[in-house]
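If you read the protein sequences in the order shown, they are chains A and B. Using the UniProt record's numbering, you'd call the opening residue of the first sequence number 1 and step up by one each time. Using the UniProt record's numbering, you'd call the opening residue of the second sequence number 1 and step up by one each time.
Worth double-checking, as some hints may not be accurate.
To be verified - Straight-line distance between alpha carbons at most 16 Å, and here's what the computed EDC-like set of lysine to aspartate or glutamate pairs gives: (1) B:13 with B:24; (2) B:213 with B:190; (3) B:13 with B:42; (4) A:13 with A:72; (5) B:80 with A:92; (6) A:80 with B:92.
To be verified - Here are some of the chain A residues that sit facing chain B, going by a computed Cβ distance under 8 Å: (7) 114; (8) 152; (9) 156; (10) 351.
Hints listed in this document are in silico derivations from the structure and should not be mistaken for laboratory results. Ideal placement from N, C-alpha and C gives every residue a C-beta, glycine not left out.
2 protein chains.
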Amino acid sequence: MTHIFGNTASLAKTQRSLGPEVFEYPLLPAQLHGCIQSATPDIQYPLEVDYDYAAVRQATFRRGSNWSNWEELLPPRHPKVNMPVGNTPLVDVSALAPAHAARRVLVKDESRNPTWSHKDRLNTFTVSAALYENAQTIIVASSGNHGVSAAAMASRAGLSCIVLTMPEVSEAFRDMILGYGAYPIYLSADDRWPAMRQLQELPGFYPVSNLTKTHTGHPWGPEGYKTIAYEILAELDGEIPAAVVVPTGYGEMLYGIYKGFTEVQRLGHINRIPQLVSVEPAARGPLYHALKAGRAAVTVAAGPTVQSGTATTVNGYRSVVAIRESRGIAMVVTDEAARAAHRAMAQQGLWQEISSSAALAALNMVERFENDGPIVLMGCSTGLKEPTKPAQAHAIAPDIASLRAYLKTEFGFEF
Amino acid sequence: MTHIFGNTASLAKTQRSLGPEVFEYPLLPAQLHGCIQSATPDIQYPLEVDYDYAAVRQATFRRGSNWSNWEELLPPRHPKVNMPVGNTPLVDVSALAPAHAARRVLVKDESRNPTWSHKDRLNTFTVSAALYENAQTIIVASSGNHGVSAAAMASRAGLSCIVLTMPEVSEAFRDMILGYGAYPIYLSADDRWPAMRQLQELPGFYPVSNLTKTHTGHPWGPEGYKTIAYEILAELDGEIPAAVVVPTGYGEMLYGIYKGFTEVQRLGHINRIPQLVSVEPAARGPLYHALKAGRAAVTVAAGPTVQSGTATTVNGYRSVVAIRESRGIAMVVTDEAARAAHRAMAQQGLWQEISSSAALAALNMVERFENDGPIVLMGCSTGLKEPTKPAQAHAIAPDIASLRAYLKTEFGFEF
């Protein structure tokens with residue numbers, strides 16, 4: 001079905017399951033329920049995109065290379081998804097890492113993206129897939145970076161966007177969602193999934209967030225995060241980091257970065273990959289607990305935490321693979337330590353989300369890494385998005401008639 | 001006095017007045033009261049930095065060139081001011097400019113800077129000057145982008161920073177100022193200047209915002225904005241825009257962009273410069289009125305406007321020069337038109353300050369430009385900074401004893 005992609009250089013060929021047994025699917029339609037052939041009630045394995053690596057000709061990773069050099073290794077990007085994304089700088093914060101005094105410590109500042117977070121990399125490809133599948137309306141369940149990024153990318157591509165969020169969503173996020181011309185629906189946590197399930201069955205409606213019990217997400221999404229690995233290698237001009245420290249929710253970014261490095265190794269440009277370090281709130285930390293228990297995914301209680309960007313109660317299997325295969329390290333960070341790191345980062349001119357700054361706290365708890373080289377901390381989003389006050393909107397009932405009436409009355413959006 | 005600058009490639013040699021009669025000063029100390037030799041009670045002329053242009057050897061402006069190629073043409077950058085700044089992308093919004101359907105219209109997205117506005121370019125050099133002059137504490141009068149940028153740059157360089165702001169400052173800006181570890185002082189509009197004058201006399205205290213009746217500002221500041229012109233030429237790979245449309249307060253950015261293009265022309269890399277278009281709120285617009293009256297600077301009434309980023313009551317003389325010498329156009333935009341442009345921009349995925357979006361509204365009111373070529377609109381800052389609620393702090397009395405007591409009690413900052 002390559003013809004629908006125009007004259008892209010992409011060598012993407014199939015969707016492939018990440019589970020112990022490999023199943024393959026065509027590149028589209030995106031398998032939004034994970035690998036259905038291997039799914040059980042307890043575990044759904046995510047899918048990733050496979051490429052014709054033997055045919056790669058253009059890809060380079062030295063200083064000055066950029067997204068235009070990496071098209072072969074990415075899913076096809078729809079021409080309407082033409083917002084410049086990525087190309088974010090590394091900011092030196094070595095002064096903040098006394099436990100690793102001999103190394104350079106660098107923050108990859110993802111707040112320099114179009115909607116000021118890493119999520120724009122993911123939505124570049126989820127929205128591309130939506131356009132190739134002739135979607136009309138993007139649906140995203142998020143009270144954070146993912147929702148506003150999807151809203152912006154969808155709007156620019158001429159798609160409608162519904163963001164299923166919570167009455168407690170911060171004013172900052174609500175204002176952004178409305179700003180981009182998307183439609184927020186305020187639902188209680190219990191009501192979001194019933195609403196998502198009903199909406200995604202409507203013709204032309206296309207979810208870009210997760211639909212399964214354990215996280216599988218959109219198979220094209222994590223591919224966008226591979227560019228982080230490529231950009232790091234380009235900026236370091238081939239020097240390989242000892243580790244990349246990644247604030248981790250469902251692990252799409254963690255896996256994407258891991259995969260990017262493995263691809264560059266496979267293509268012969270580097271001879272090892274960095275250790276991946278995941279960072280979760282101590283009050284939750286499903287990945288930490290899954291790895292400890294030797295399981296593919298676990299569900300944890302929704303303990304209170306200020307690290308809202310990574311406050312998930314279930315891990316994605318992708319993150320298990322990334323930590324295991326990179327001989328990585330799973331860390332958890334208390335809110336107190338995250339807040340202290342947040343203050344320290346700000347005094348280096350980096351005002352980040354608290355959950356992002358937790359990467360620094362985690363780094364200072366790691367005793368050693370296997371290799372020499374700099375450490376890269378992922379700085380995911382701006383502190384401007386940290387909640388001050390909730391938007392205090394009312395919750396909507398999740399049945400389709402109520403949703404329809406609300407969207408029509410509030411925004412004039414009819415379907 | 002070149003020795004204090006280390007092994008910089010900078011060819012900066014003097015400060016030079018912009019007034020009709022040229023006066024020169026050493027490169028430092030920065031003349032913070034403008035050109036004192038030509039000042040009258042009515043007009044103070046700003047200073048700019050002059051260079052040894054005949055000695056320029058490295059500067060290139062083709063695709064892929066960046067700040068490392070332009071050190072000769074910038075003031076010396078202090079090694080402690082090492083935050084990556086600039087390198088912001090051009091985002092296509094041609095669909096939004098029906099009045100110029102044959103042209104590409106591009107937004108230079110300055111929200112991709114470290115504190116999410118263009119001001120980081122200015123403060124890269126004001127804070128450098130402060131360090132070379134052995135300052136200990138930066139003082140900045142601002143309730144907006146300039147204040148938070150100065151706070152971040154100062155903090156990273158190990159300097160203290162006091163931000164003279166207003167009780168009505170938005171929560172977003174207050175949180176940023178505090179986040180970076182700077183000290184906000186909430187003063188009424190009438191009290192800010194007395195407070196500034198008293199503080200700047202203290203040893204080690206260094207103002208990076210204006211001290212004169214008509215705006216002169218810090219002579220090194222606008223030099224940072226020249227990089228916008230250089231970056232535009234690099235990204236367009238030598239193509240010359242027909243115009244650059246610039247939301248204008250005191251005109252430091254307007255002048256910096258104008259100067260950058262003239263330098264590249266002087267060095268023989270381009271054969272003309274773009275027309276500069278200034279954009280001010282219709283309720284104020286001192287530059288518009290100064291040009292109409294043929295005057296160097298005028299003061300206008302503080303008419304109400306939502307375009308807070310450009311809501312000045314006096315123009316800088318720099319902006320008069322930039323418009324006059326580029327055969328440019330001075331535009332004013334109503335709040336209604338600015339809001340409509342703000343919504344239109346957001347639906348292209350660019351959620352900006354309202355005052356930035358006004359550039360689009362202005363463009364659609366211009367009938368023609370002198371030359372072919374794309375149009376660049378300056379997108380100055382993120383919509384995340386638009387005020388939702390005021391921080392509602394109380395105002396402080398502007399005498400030095402009260403200021404001292406407040407800073408000590410509130411922040412433990414003693415001087």
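So, going through the hints one by one against the coordinates:
{"no.": "1", "hint": "B:13 with B:24", "result": "holds, 10 Å"}
{"no.": "2", "hint": "B:213 with B:190", "result": "holds, 13 Å"}
{"no.": "3", "hint": "B:13 with B:42", "result": "violated, 29 Å"}
{"no.": "4", "hint": "A:13 with A:72", "result": "holds, 11 Å"}
{"no.": "5", "hint": "B:80 with A:92", "result": "holds, 11 Å"}
{"no.": "6", "hint": "A:80 with B:92", "result": "holds, 11 Å"}
{"no.": "7", "hint": "114", "result": "holds, 6 Å"}
{"no.": "8", "hint": "152", "result": "holds, 4 Å"}
{"no.": "9", "hint": "156", "result": "holds, 4 Å"}
{"no.": "10", "hint": "351", "result": "holds, 5 Å"}
Hint compliance for this structure: hint 3 alone is broken.
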